[in-house]
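Following the hints, put chain B in place on chain A, whose structure we already have.
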Amino acid sequence: MPKTITDASMTDDSTDTATAGVQQMSMQQALNRALNEILAENPKTVIFGEDCGRLGGVFRITDGLQAKHGEERVFDTPLAESGILGMSVGLAMAGFHPIPEVQFDGFAYPAINQIVCQIARMNYRSRGTLPMPITLRVPSFGGIRAPEHHGESLEALFAHVPGLKVVSPSNPHDAYHLLKYAATRPDPVIFMEPKSRYWQKGPVDVSNAALGGAAHDGDTSTGGSLTGARVAREGRHLTLVAWGAMVSRCLQVAELAAEDGIDVEVLDLRWLKPIDAEALARSVGKTRRAVVVHEAPLTSGLGAEVAQLITQSCFASLKAPVERVTGFDVPYPSGDLEDEYIPNIDRILFGIQRVLEYRRG
Amino acid sequence: MTTHPVLAAVDDDAAPLTHRQLRELYALMAAVRHLDTSAVAWQRQGIIPGYAPELGQEAAQVGSGYAVDRTRDFVFPTYREMGVARAMGLDMVGYMSTHKATWHGGMYNPLESRFAPIQAVVAGSVLHAVGWAHGQTLAGHAKGETGVAMTYFGDGASSQGDVHEAMNFAAVMKAPVVFFIQNNGWAISVPTERQVAGGSVAARAAGYGIPSLQVDGNDVVAVYEATRSAFAHCRAGNGPVVIEAMTYRRGPHSTADDPGRYRTLEEERLDAGEDPLERFKQRLLAEGVADEAFFAEAQRLAEEEEEAVRAGIADLGPRPGAEMFSLVFQEPTPALQSQATAWREESEHA
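Residue numbers (our numbering), protein chains in the order written: chain A, 414 to 774; chain B, 1184 to 1533.
Do not take every clue at face value.
Listed next, the in silico DMTMM-like pairs over lysine to aspartate or glutamate satisfying Cα-Cα at most 25 angstroms (straight line) [to be verified]:
1. B:1357 - A:464
2. A:614 - A:751
3. B:1326 - A:484
4. B:1357 - A:489
5. A:481 - A:464
6. A:457 - B:1328
7. A:457 - B:1514
8. B:1357 - A:485
9. B:1464 - B:1399
10. B:1326 - A:489
11. A:457 - B:1295
12. B:1357 - A:484
13. B:1326 - A:485
Calculated directly from the structure, the hints in this document are not laboratory data.
Just chain A, same shape as in the assembly (with noise of 0.2 angstroms):
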């Protein structure tokens, strides 16, 4: 682990704060504070994992919830991803709703078995009678200059598994709201938290979910719409589809789209599974051009169901093929070649002109 990402972590109090109207925080600092709530609000919950206790996890996510709430709801496990898993099992059977974490995406990878085979069936297998709130926190997706392992991107494998379901949130608001609307929900979530944002202040409105207005679809009536998409920047000509730490580039890009007169839409999809098809209709249904952005490798990744969604509704409208920027087709790189790999604003621009420039042959 870096040590600045750790010494970073240690600094803002500001989470304690709890007072309505818009307030400027960190997505480690959102994150922490809807646990916190969680916890006072759902005595069923408990909160476990490695380091997650005394240390409040390697990125603070969990700072200060043992001391608050107890070692029975914030606790250190032994350091066992399919134990970690497991164990969430039997505590759901239980009636608890864990909230385990998985240190870094790639371990995950132990912990498969119990994810797919036990977490995302067991409600199925026993026809409904034991269901199993189970919200799966994974630090995820690269761009830190960690180590091996350190820099995954596991949604096509988690979307592809029935009985799951998939959220990554894009910013400190979206995180606070999603995580604890993913923790009062009786399936499980898998939690994809971009690692490369924990530190980027953003405003949090956390009496009202659908901050700005920006939201499209739902019953904003309860406190805003948690289900589907958010169209982080409006446009006319072209849509960028991304979700976690890609649509902070993408919204980038857009600016200097702008300059040259290019008008892109951001379309931040949130949920991976399900996916908002609706929401992908509407923006591509005006602007008839769209490019998929993600960090996971192409080749089955989810750019390819997003552009088969987007075909399948919008194909008649479609000004050019949905283009896909990717990762490649490659294990995630050592730090030096990261800024290769993940999707930058060169081969973002490169996208959006290929899409630009199509002509029907």
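Same frame as chain A, but now just chain B:
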């Protein structure tokens, strides 16, 4: 220097089994034996597509299942615990329905039965037992009142990493779990000596600081008493216990297996030892606990029960296809709902 943990001296005022209880144990074993051998016949007759017999393991299963307190304990089975299910009083049509290919986990209610859904991943549910047991600790029951989890697995499953993780977690957390291993000599075609380094799963418990008991798994009373002691140890807050019941899988791994390819009938005869059911019968006769009339009546009841279960199984139709979709989530996704709609419309057309 390794220290060998021992069962805590629990204040277990357990009386010896009464004659009535001994007869009940025999009746359960007889019912299980008859249902088990009948289920193999059902498969040969085409009533069910497959079955995993537990022939020879009746004492291990009935003896341990008989010790469960169904008001507060919870059992985590594999796919070969029919005898435990019967001893715990499960709805046996609901249990056997998994072998009819009606529903993977079985049609019984696991919460009401205190018996988790049938588990097909070898060692898959051992960690679930640890989580459930730790939940009992978190629930803060009074000392001596806590529920205990009992997880079943075999010598083959003991090779799985999840078993190590489960024993280590349970010991660290002092979780009230009984790890009940039926060492039946075979993991499909691979004998214990090629499976279990050191020759004993129970011996491994010492490494975790967990007390262990290796019992004659073909002696139903010994199994019951060991399990009862283990439950008392867990219930008093002393942490987990490992029991290794040494028994023998007298039948094939499943109705699709062919043991002739890996062991001879002569080896089976020598290795299996005395039949646990016959052995218990001779003991009850010798001790004057039961007479021939009792055994005849037990057999008659077993046959009556098998007929009722067979009729129930034969009557089980396929589940409505809509359940494929409706039971995946508590809150179904729009995509799944539209797949269900498309399936319904297209299957109605066909």
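Need the status of pair residue 1464 of chain B, residue 1399 of chain B: alpha-carbon distance at most 25 angstroms?
16 angstroms, holds
Does residue 1357 of chain B pair with residue 489 of chain A here, judged by a C-alpha cut-off of 25 angstroms?
14 angstroms, holds
Would the pair residue 457 of chain A and residue 1295 of chain B pass a check requiring their Cα atoms to be no farther apart than 25 angstroms?
It holds: about 21 angstroms lies between the C-alpha atoms, which stays within 25 angstroms.
Check the hint pairing residue 1357 of chain B with residue 485 of chain A against an upper bound of 25 angstroms on the C-alpha distance.
13 angstroms, holds
Residue 1357 of chain B and residue 464 of chain A: Cα distance at most 25 angstroms?
Measuring from Cα to Cα gives roughly 19 angstroms; hence the hint holds.
Tell me if the straight-line CA distance from residue 1357 of chain B to residue 484 of chain A falls inside 25 angstroms.
15 angstroms, holds
Hey, residue 1326 of chain B versus residue 489 of chain A, does the alpha-carbon distance stay inside 25 angstroms?
Status holds; Cα separation ~24 angstroms.
Going straight from one Cα to the other, do residue 457 of chain A and residue 1328 of chain B come out at no more than 25 angstroms?
20 angstroms, holds
Just to be careful, I want the Cα atoms of residue 614 of chain A and residue 751 of chain A compared with a cutoff of 25 angstroms; is the pair within it?
OK: residue 614 of chain A and residue 751 of chain A at ~23 angstroms, within 25 angstroms.
Checking one constraint from the list: CA of residue 481 of chain A to CA of residue 464 of chain A, max 25 angstroms. Satisfied?
16 angstroms, holds
For the pair we were handed, residue 1326 of chain B and residue 484 of chain A, check the Cα-Cα distance against 25 angstroms.
19 angstroms, holds
Take a quick look at whether residue 1326 of chain B and residue 485 of chain A sit within 25 angstroms of each other, Cα to Cα.
17 angstroms, holds
Comparing the model with each numbered hint stated earlier shows that all of them hold.
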